[in-house]
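> Protein chains in written order, with the UniProt record's numbering: chain C, 1 to 330; chain A, 1 to 330; chain W, 1 to 330; chain E, 1 to 330.
For the record, the hints were derived by calculation from the structure and aren't laboratory data. What you are looking at is a predicted structure, and each value in this text was computed from that prediction instead of being measured. Every residue gets a Cβ at the ideal spot worked out from N, C-alpha and C, and that includes glycine. A couple of the hints might just be wrong.
[Said to hold, decoys possible] Calculated lysine to aspartate or glutamate pairs in the EDC-like style (CA-CA distance at most 20 Å, straight line): (1) C:Lys-134 <-> C:Glu-185; (2) A:Lys-134 <-> A:Asp-213; (3) E:Lys-134 <-> W:Glu-268; (4) W:Lys-134 <-> E:Glu-268; (5) C:Lys-134 <-> A:Glu-268; (6) A:Lys-134 <-> C:Glu-185.
[To be verified] Some chain C residues close to chain E (C-beta under 8 Å, calculated; not the full set): (7) Gly-249; (8) Arg-253; (9) Thr-254; (10) Asp-255; (11) Gln-257; (12) Leu-258; (13) Val-259; (14) Val-262.
[Unchecked claim] Label pairs and their calculated CB-CB ranges: (15) C:Asp-213 <-> W:Pro-272: 38 to 44 Å; (16) A:Glu-112 <-> E:Ser-156: 51 to 57 Å; (17) W:Gly-48 <-> C:Ala-128: 57 to 63 Å; (18) E:Arg-239 <-> A:Ser-144: 55 to 61 Å; (19) C:Pro-264 <-> E:Ala-12: 40 to 46 Å; (20) A:Asp-36 <-> C:Gly-214: 55 to 61 Å; (21) C:Ala-139 <-> W:Gly-48: 51 to 57 Å; (22) W:Ala-128 <-> A:Gly-265: 38 to 44 Å.
Number of protein chains: 4
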Amino acid sequence: MSIRIGLIGAGAMGVHHGETLAFELGCEVAAVADIDLTRAAALADRIGTEATDDPISVITDADVDAVVIASADSTHEPYALACLELGKPVLCEKPLAPQASAAGRILAAEQEMGRRLIQVGFMRRYDADYRRMKAALEAGNLGSPLLMHCVHRNPSAGADFHSAWMITSSVSHEIDILRWLTGTEIVEATAVHGRSVLEDIHDPQLILLRTSDGLVADVEFFARAHYGYEVRAELVLERGTVSMGMPSGLQVRTDNQLVTPVTPGFVERFAPAYRAQLRDWLVAVRSGRQDGPSAWDGYATAVVADACIASQSSGGPVPVDLPTRPALYH
Amino acid sequence: MSIRIGLIGAGAMGVHHGETLAFELGCEVAAVADIDLTRAAALADRIGTEATDDPISVITDADVDAVVIASADSTHEPYALACLELGKPVLCEKPLAPQASAAGRILAAEQEMGRRLIQVGFMRRYDADYRRMKAALEAGNLGSPLLMHCVHRNPSAGADFHSAWMITSSVSHEIDILRWLTGTEIVEATAVHGRSVLEDIHDPQLILLRTSDGLVADVEFFARAHYGYEVRAELVLERGTVSMGMPSGLQVRTDNQLVTPVTPGFVERFAPAYRAQLRDWLVAVRSGRQDGPSAWDGYATAVVADACIASQSSGGPVPVDLPTRPALYH
Amino acid sequence: MSIRIGLIGAGAMGVHHGETLAFELGCEVAAVADIDLTRAAALADRIGTEATDDPISVITDADVDAVVIASADSTHEPYALACLELGKPVLCEKPLAPQASAAGRILAAEQEMGRRLIQVGFMRRYDADYRRMKAALEAGNLGSPLLMHCVHRNPSAGADFHSAWMITSSVSHEIDILRWLTGTEIVEATAVHGRSVLEDIHDPQLILLRTSDGLVADVEFFARAHYGYEVRAELVLERGTVSMGMPSGLQVRTDNQLVTPVTPGFVERFAPAYRAQLRDWLVAVRSGRQDGPSAWDGYATAVVADACIASQSSGGPVPVDLPTRPALYH
Amino acid sequence: MSIRIGLIGAGAMGVHHGETLAFELGCEVAAVADIDLTRAAALADRIGTEATDDPISVITDADVDAVVIASADSTHEPYALACLELGKPVLCEKPLAPQASAAGRILAAEQEMGRRLIQVGFMRRYDADYRRMKAALEAGNLGSPLLMHCVHRNPSAGADFHSAWMITSSVSHEIDILRWLTGTEIVEATAVHGRSVLEDIHDPQLILLRTSDGLVADVEFFARAHYGYEVRAELVLERGTVSMGMPSGLQVRTDNQLVTPVTPGFVERFAPAYRAQLRDWLVAVRSGRQDGPSAWDGYATAVVADACIASQSSGGPVPVDLPTRPALYH
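With the rest of the complex left out, here is chain C (with noise of 0.2 Å):
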């Protein structure tokens, strides 16, 4: 069965995800549609399918089997709720919605429908390394967690990327692999501010997570970071501890340097997660059954935003306070 993909979103996202659909896995990719019809236009012309101003006539187009949402993250939650009525699988840029409250509302939805159609895009459960480090800790010899060291640094970014949408937008990365890797729920959040290179807006923030069994992660996410993308996790174990996100490749020595690139940005460095990312779920999409990020995650994610946002302004810890999980989830 050929899977027909209506994607929603013609920005940088929605641009990698149509051409990973078209140019790396042979997927047929239905109809492009954005709010702005001249980039949609261009990226449909690019992977030759059709261009429209209007998401929601993608999402009930007959022709459209699945639904890629990747436009702005506002926007999430009409979508999704459009296509959950139609019963087709989504796979939903993170967040799922930028306050707990929408996600909320979504996944309210999907419970009442009874079975999950939502695949929220936390990449990084497909990326090597974070594999890697998940079969570590589970191998169990290195002993339980005990802390995590995270660094998740972007070169550059808008003046209007401010202090709340860092968490929402970027360190909700982290906090989906600390809820997948552990296995366990966030109970407390602090977002600490030190000095900033903006005036208004909290850059670098150092974020400190608490989860239920103890463990407590520091996250450097840092938006401005001027030399590079970089993303790098040390897990603390017992008897060890596993890090990943060295940079490697090609290695120039010159002038007295033996220099290592660091990749420019999340393209580079994540492209091979995005791709088994979009393959698993055409996989999961097939066969009517969905296994990857549910929207439980992407809404207990929004919880633990919610929380870091509150923390900005008070400046301590901030409880994060989740409901238990529905049945649909487990």
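Following the hints, complete the assembly by docking chains A, W and E onto the known chain C.
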């Protein structure tokens, strides 16, 4: 246009190509042929196609648009010639043929046709690190290349993997990479033998290659290196060096050690390059244009391999006598 | 002028100092004192000097020009005061004293004398990598420092190495390095505790330190990290980062792994720094001039350590109340 | 017993030895001799001793207990012979002599004396990484050694540093290390030349060395490598490899790069080994026992160097004809 692929060979490489075509590239494999029908059937079953023990029937099948040859090295010639006769594009595993004479016959047949149909499976050209090495060389700021050091190690090999086969099957990768990187031909080959892990096979081998503009490359090939699969290279230029192949990825600290995994085999190391090779070849087949490693590349490599093997007997340097490159391959 | 050294303490650090003075620096040790005469005698015998169980007799010995104090932390105060009274130069192991109050009394005594005689054993300032880090920071091309991440792990510790002692004995290194690197004072300390490998001791600990110009440092100290001794640091600046402490040296490839040894203890890691500290201190003693880490550095560190320990009880940030730096230490 | 050292030579190596003796090892240098009195005086002044332009007067000075020879290579023979005549211990910079014939005369004179007085400055044997490599080899768990790859690069060299001198002065280090690591003698040498950065000097050179039990080593020596000073080695054994010399230390992330400094010269790289060499030699002199690299090691290296130089002319392998090791050196 959807391309239907005929796959000849269901051994390790055939399985890898078949699964990559089917599961990673969403491509239709029309049939799988292997002289061992059981293993052809096992692969065909997994990727949803038909199996046969008659490779020629696959090549002549009107439903087959292009052919991947991954059968035993000595069978490449008849299958490649059969494809040429029908004008079907071919991706032929390296070596094009185990002797320069056989490779020369394929080259002659293709020239007679007057158009390029054959791509040889020198998939290292599709590896990200080798590509970056070539780009760093061509950037020019490090000056001209002077020396190249290569290391190519397999964890183990069967008792029948003899000294000459090690050249045609494995060192051929370094021969091709040296030609591709420098854009020059190899004019002399010397096989140096020291202590060996076997009595009647030279393993490891140290091969010296000299290019037409005087660069000297040393290649360690070690088929039974025991500890893992590893490919490394360092290009020494006038103002610096460029190296690739350092193990990277996950790091584990335990027992007074920092441990970085080494890939156990070439599949783990080069899977992205194999996929990229197939993807680019499919694009080329669709466009009717061939721009990957050509039959000439396969032939030139075979001529150098012949010289290496002659040097294994003589013990001294053996000149490489390569005819002028035919116009078709300019 | 040959300097005759009196050595107080023949425990691990005393032995290391004594052997370094005698075997690496060709220096005369006039006497070794330890309350355990047996171990004093064992060391004295090895380095060719006299042993006693009376430290004060060594300090007052007219043949002793300068004193190295490496006895139990709580005895630093009386011995340092005895040296000050006689005007003898002192190299005192860190901490200067385990409480800020005791360190303050030493500071007051030295000020009363009107000249600097005390150097505190913050030997990381003599480590080549920390020095390069300071040079890289001061070069200025990477901008101002924003964050610092520190990791400090010991392989194991006795059952009596409790939460507060971990601060005064170990985290004091990071406190000093942060002050030394940035040239600023620390104004706030927070001790964060999560899961511990022990029930009644916080191990590992995560300490947050904030400097007067807003830099935030996080310090993981893990006394029972099991796998080896390791000290790492990364300084995050506006236009890049500087890191140190990556394990290096010999690399072994075997069993599908690239293995780099991690030093088993601080002696192996920092022996060159300990030697350089003694060498520079001897030069300073000969010249009658003191320019190493001062009693003020020992005192300021003790004040920050007190705040860390207070935060271990309160759980929240504790302000650091440091008096103005006295003129003697400008 | 305090040892008074006479230092012959106040060039780069003489200055390094003199300063290390005086400032790092607390040792008394009795006199410095150099045919250039000005530079002898400059060094003598800095380390607090006398200067002369008459090396023989230093050797015969009754106040000189032992001699360090760091003068021009061609003068090693007369000075070493003068020391032998007076029974004074010598640390002679490598090479013992630039020709095997001259080295042979020193060896003969020492044998005639009947006791070992000469240590040759093969200071790499005192380098921590080479020692760990030897320990890893001798541990035996990786099996027997099969191949060795060596890289030895200088940033630049004077116009008079010709092809033969590169062997006696620089490749002699690798010749010695190979003999020392494996405990075997070298039986064949081949000099391979490719493209060079100069017209009349072979630079870089690739030297192949074969030991008596069949191990083959390839040595790249590049005197004008431009980018920095670097020494690396990888020993390939039956069940793994051991490598050393990876640049390490500080790492800077900036401009999309992870930058690790490469040492600019041999002093920065090997200062600890030079110091350890002098320290152990002083201990040996005090004890009247010689156990460092011997005149035999200096001679054997000179014989291999002669063969390398002969191969530079002949272009092919040159057998190494080494006499039986005299009993004195067992």
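> Hint by hint, say whether it matches the structure.
These are the hints, each one checked on the structure:
| no. | hint | in the structure |
| --- | --- | --- |
| 1 | C:Lys-134 <-> C:Glu-185 | holds (16 Å) |
| 2 | A:Lys-134 <-> A:Asp-213 | holds (17 Å) |
| 3 | E:Lys-134 <-> W:Glu-268 | holds (18 Å) |
| 4 | W:Lys-134 <-> E:Glu-268 | holds (18 Å) |
| 5 | C:Lys-134 <-> A:Glu-268 | holds (18 Å) |
| 6 | A:Lys-134 <-> C:Glu-185 | violated (47 Å) |
| 7 | Gly-249 | violated (10 Å) |
| 8 | Arg-253 | holds (5 Å) |
| 9 | Thr-254 | holds (5 Å) |
| 10 | Asp-255 | holds (6 Å) |
| 11 | Gln-257 | holds (5 Å) |
| 12 | Leu-258 | holds (4 Å) |
| 13 | Val-259 | holds (5 Å) |
| 14 | Val-262 | holds (5 Å) |
| 15 | C:Asp-213 <-> W:Pro-272: 38 to 44 Å | holds (41 Å) |
| 16 | A:Glu-112 <-> E:Ser-156: 51 to 57 Å | holds (55 Å) |
| 17 | W:Gly-48 <-> C:Ala-128: 57 to 63 Å | holds (59 Å) |
| 18 | E:Arg-239 <-> A:Ser-144: 55 to 61 Å | violated (38 Å) |
| 19 | C:Pro-264 <-> E:Ala-12: 40 to 46 Å | holds (43 Å) |
| 20 | A:Asp-36 <-> C:Gly-214: 55 to 61 Å | holds (56 Å) |
| 21 | C:Ala-139 <-> W:Gly-48: 51 to 57 Å | holds (52 Å) |
| 22 | W:Ala-128 <-> A:Gly-265: 38 to 44 Å | holds (40 Å) |
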